[in-house]
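Student: Sequence:
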Amino acid sequence: MSTAQGIRAIFRRLHQAYGPQDWWPGDTPFEIMVGAVLTQNTAWRNVERAIANLIKYHALSPEAILAVRPERLANWLKPSGYFNVKAGRLRNFCRWYLTQGGLEALGALPLPVLREGLLSVNGIGPETADDIILYAFERPVFVIDAYTRRVFARLVLLDAAMAYESMRAAFEDAFASGPQRVQVFNEYHALIVVHAKNVCRSRRPLCQGCCLRTRCPSRQDGAL
DNA sequence: AACCAGGAGACAT
DNA sequence: ATGTCTCATGGT
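Quick note: the first sequence uses the numbering used here, first residue 207, plus one each step.
Incorrect hints may appear among the rest.
What the hints assert, rightly or not - Listed next, the in silico DSBU-like pairs over lysine-lysine satisfying Cα-Cα at most 35 Å (straight line):
hint, residue 1, residue 2
1, K262, K284
2, K403, K262
3, K403, K284
Claimed, not checked - Computed beta-carbon distance windows for the label pairs:
hint, residue 1, residue 2, range
4, L325, Y288, 14 to 22 Å
5, D228, A258, 15 to 23 Å
6, V362, G329, 32 to 40 Å
7, K284, L304, 19 to 27 Å
8, R255, S372, 33 to 41 Å
9, Q389, T234, 18 to 26 Å
These are computed hints drawn from the structure, not numbers from a lab. In this text, all values refer to a predicted model and were calculated from it rather than measured experimentally. All C-beta atoms in this analysis are idealised placements derived from N, C-alpha and C, irrespective of residue type, glycine included.
Assemble the whole structure, with the sequences as input and the hints as a guide.
Tutor: Dropping the structure here:
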């Protein structure tokens with residue numbers, strides 16, 4: 207079985223096991239973008255608290271985020287951790303977002319141009335950029351995160367040390383181009399995350415005999 | 001009480 | 001290109 211076939215097979219199994227996930231958890235495109243930055247190496251529960259603060263102070267817009275003092279913004283972001291770093295990153299992103307002309311202007315850009323633009327922002331790396339492209343702009347990129355590496359390494363389908371871009375290509379190439387690609391990529395990434403969180407408590411993990419904890423007791427190699 | 005969470009950048013080698 | 005540090009709160 208080829209790698210692409212394996213990737214398609216796992217998607218079917220995850221979808222059957224968990225059903226549609228209806229991602230991203232966020233009401234507007236801009237909220238999704240903010241969430242993508244705040245969730246960097248951070249539990250989603252803590253991101254929700256930070257976003258709740260922004261809503262509470264009517265600051266969930268690029269203009270409002272740029273209008274307040276950075277220290278005050280950082281204070282609202284406290285629950286999501288790395289608050290000084292993330293305050294700077296959010297400001298960088300908002301500055302870029304507005305100078306590029308906002309949601310419609312960005313949505314009209316060719317996909318590679320949009321992606322390069324996002325990556326040019328200090329604080330937005332490949333995963334955050336792809337979260338934004340897929341879930342806020344609803345355009346076809348596959349998001350690679352630590353869970354994706356872990357799950358597919360333990361399924362022995364992919365090497366966890368693969369470069370981000372080549373792993374992204376592996377997933378994107380497994381699905382023919384077409385209008386439903388966005389939905390498949392959306393659902394697949396969500397399923398990987400949900401499964402990775404769930405499988406430690408699951409009776410029938412997909413990978414035989416091994417859970418997905420970062421340091422699985424039945425494994426010798428520590429990382430992933 | 002360690003370990004972990006939907007990363008990214010700076011910097012040295 | 002490839003490692004190592006740092007950033008920080010909250011749950012288990």
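Student: It remains to establish, for every hint, whether it holds in the given structure.
Tutor: Tested hints:
Pair hint K262 plus K284 holds up; C-alpha atoms about 14 Å apart against a cutoff of 35 Å. Restraint check for K403 and K262: the C-alpha separation of about 29 Å stays at or below 35 Å, so the hint holds. The suggested pairing of K403 with K284 holds, with an alpha-carbon distance near 24 Å, which does not exceed 35 Å. Remark: the range hint 14 to 22 Å for L325 to Y288 is upheld by a beta-carbon distance near 20 Å.
The supplied range of 15 to 23 Å is met by D228 and A258, whose beta-carbon atoms lie about 20 Å from each other. Distance hint check for V362 and G329: the Cβ-Cβ separation is about 34 Å, which falls inside the suggested range of 32 to 40 Å. Separation of K284 from L304 is about 25 Å and conforms to the stated range, judged on CB atoms against 19 to 27 Å. For the hinted restraint 33 to 41 Å between R255 and S372, the CB-CB distance of approximately 36 Å keeps it satisfied.
The hinted window of 18 to 26 Å between Q389 and T234 holds, with their beta carbons roughly 19 Å apart.
Comparing the model with each numbered hint stated earlier shows that all of them hold.
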